[in-house]
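Here the protein sequences come in this chain order: A and B.
Per our numbering, the very first residue in the first sequence carries number 1; after that it's consecutive.
Per our numbering, the very first residue in the second sequence carries number 1001; after that it's consecutive.
You can trust all of the hints, since none of them are fake.
Simulated pairs of lysine to aspartate or glutamate, EDC-like, Cα-Cα distance not exceeding 16 Å:
| no. | chain 1 | residue 1 | chain 2 | residue 2 |
| --- | --- | --- | --- | --- |
| 1 | A | 102 | B | 1103 |
| 2 | B | 1102 | A | 103 |
| 3 | A | 127 | A | 103 |
To give an idea of the chain B side of the interface with chain A (calculated C-beta under 8 Å), a few residues:
| no. | residue |
| --- | --- |
| 4 | 1063 |
| 5 | 1078 |
| 6 | 1090 |
| 7 | 1103 |
| 8 | 1254 |
| 9 | 1255 |
| 10 | 1278 |
Calculated from the structure, these hints are not laboratory results.
All C-beta atoms in this analysis are idealised placements derived from N, C-alpha and C, irrespective of residue type, glycine included.
Protein chains: 2
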Amino acid sequence: MMTTPSTSLRTASSAEATALHREIHEQPKVLAKLLSEGWPTVCEVAQRIAAFGPVWVNIVARGTSDNAARYAQYLFGVNNQLGVALAAPSLCTLYNTAPRLKEALTIGVSQSGQSPDVVSVIEAARKQGGLTLAISNDPDSPLARAAHLCIELNAGCEQSVAATKTYTTELLAFAMLSAAMTGHGEQREALLTVPNAVESTIAACSTTMGNATHYGHVRRLVVVGRGFNFATAHEIALKLKETSYVLAEPYSSADLLHGPVALIERDFPVMLVAPSGRGHDSVVELLDVAEQRGARTIAISDVPAVLERADLGLAMPKGIPEWLSPICAVVPGQLFAETLSTSKGINPDKPRGLSKVTLTR
Amino acid sequence: MMTTPSTSLRTASSAEATALHREIHEQPKVLAKLLSEGWPTVCEVAQRIAAFGPVWVNIVARGTSDNAARYAQYLFGVNNQLGVALAAPSLCTLYNTAPRLKEALTIGVSQSGQSPDVVSVIEAARKQGGLTLAISNDPDSPLARAAHLCIELNAGCEQSVAATKTYTTELLAFAMLSAAMTGHGEQREALLTVPNAVESTIAACSTTMGNATHYGHVRRLVVVGRGFNFATAHEIALKLKETSYVLAEPYSSADLLHGPVALIERDFPVMLVAPSGRGHDSVVELLDVAEQRGARTIAISDVPAVLERADLGLAMPKGIPEWLSPICAVVPGQLFAETLSTSKGINPDKPRGLSKVTLTR
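Throw the hints in and build the complete structure from the sequences for me.
Here you go:
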């Protein structure tokens, strides 16, 4: 059951709202739209994939969409027992070669569908006889036209250079596809709770986000996640870099212990993405280490004890299964990046040196 | 033809040398040893792989070894037309599931061969009927025992927590395997030039490294590489974090333009890994951007014009083919990390909070 996302619409009507602000708040609405209008297409795509029977999955993307691909690596691995490679697009574009993709499902993910390097991998895979799928906000884009199949994000025009609603709709498109491939009814039910959960997250964080301005001077930060939310750590770090010029680096809590933990010292800011689920305990171990070293901690979680321990707790609603939690868990990070950007006097819609569509070759 | 690596032996005899210093300088010798003693095993492994006929390659590793895996993604892609996934080990350990690996060659890479999460992926792949290979410095380790096949690095005991000689021997092991799989004689010839090229790099950089102490105050840095040397950017960034507590972040020059380029401002230090080859021009484009923004540039290259343009030029010898260049190009980064560490008064052999073997589960 979905209610009208009134909170977000009200906030977005503010005259001084940036495109970033507006698009963050549009997410409950566009997620609900994709869920209802996109489902028949997703089911067709799932049937075509089942008929093809891929041995493995090869995903090609850049930037924000590459973080969505990272989520899909866990999603297809855990829920569909499919191995996923995140392709190196430069194999095609720089080295003029493509690996053997005949037995693979190759998925290109791009908001604009314009990136020539992503398109070239899809073309190579299709030429070899592999199955190809585009996930894009533009069903008429070169990417969508190059692939056998297309899932349209239907998120409306995204104006801010920092992608938000196209990231969460990319995650949802993957989650819907994975659920359609398993055919499990309870997964379909769980999907329907996502728009309201995102709306609750926005509402809960809007009240605590004032405290984020204390981090306005921050120039370095690490963002820690694990499992499904490793992608969330990557995406939040990217938002911080794009909008606030913070050198934010994403880590799996496992990899952080393999070396870079040496960085964490007194007052070093550490953001922990710790929704409940199997990745939770590993991230909370890092909270222990961060506390021992006097680091400043920011936690995104639905676990009250974790939120209370952190210097800044950003709450998510309870009850979201772990495989869907990345769609909610990124939202406090988006709001945090927006707050930091504003408190630094940066226009988050026009970061220096960035354009919305990057034509990497 | 290989000469005795006299420079490195002479330098390593210094009484105050750290294990890190000694192990960096041991590299020409251990690379030469692996080349000569390891070749028969590598050829056997290549035959077993050919007989199995993998559809794709799944590599599992953490930390430094994961950077070697990133190199293998380009290497097997360009030279052997094999798609490579860098596995998410937590699929096995956290989520108790493994993707379908029956048609894959699964490779576990670990200096110590002790990491339970790497071992568990190998065990799962073997149980499914896939082919498994261990690359390790310890042929009696749990990893080596779990896999069908093993390539031993034979690099001798590595004492420094920051891995150096086991990284370059891991790269060489992959390069030897790739060359044995193609059977191209000129690739085998090219491999034989690697130990001397690494020795020349050490000698050339030792004279310029004094200028690296000017970077002693640096706390943030980005390291840029592309294609084969994307792995090099990752590994240099990891060394800087481990030994000098610098928040160094690795980028592909393509991804940097997709957002994080906003970070680069006046005096921001940017290290460019730009050996000649197909990845070169893309990295040099970033040099243009960095110069326009008044950033401080450090270049690792064999191209004199690039070395002259950079604020600090770290030279590699000419004539190394791009697919082997990462074995040389990482060395100036290792020496830079060592210099920064020493100039900051840090003991690079014992970074805070790190142990040599990390038993991630």
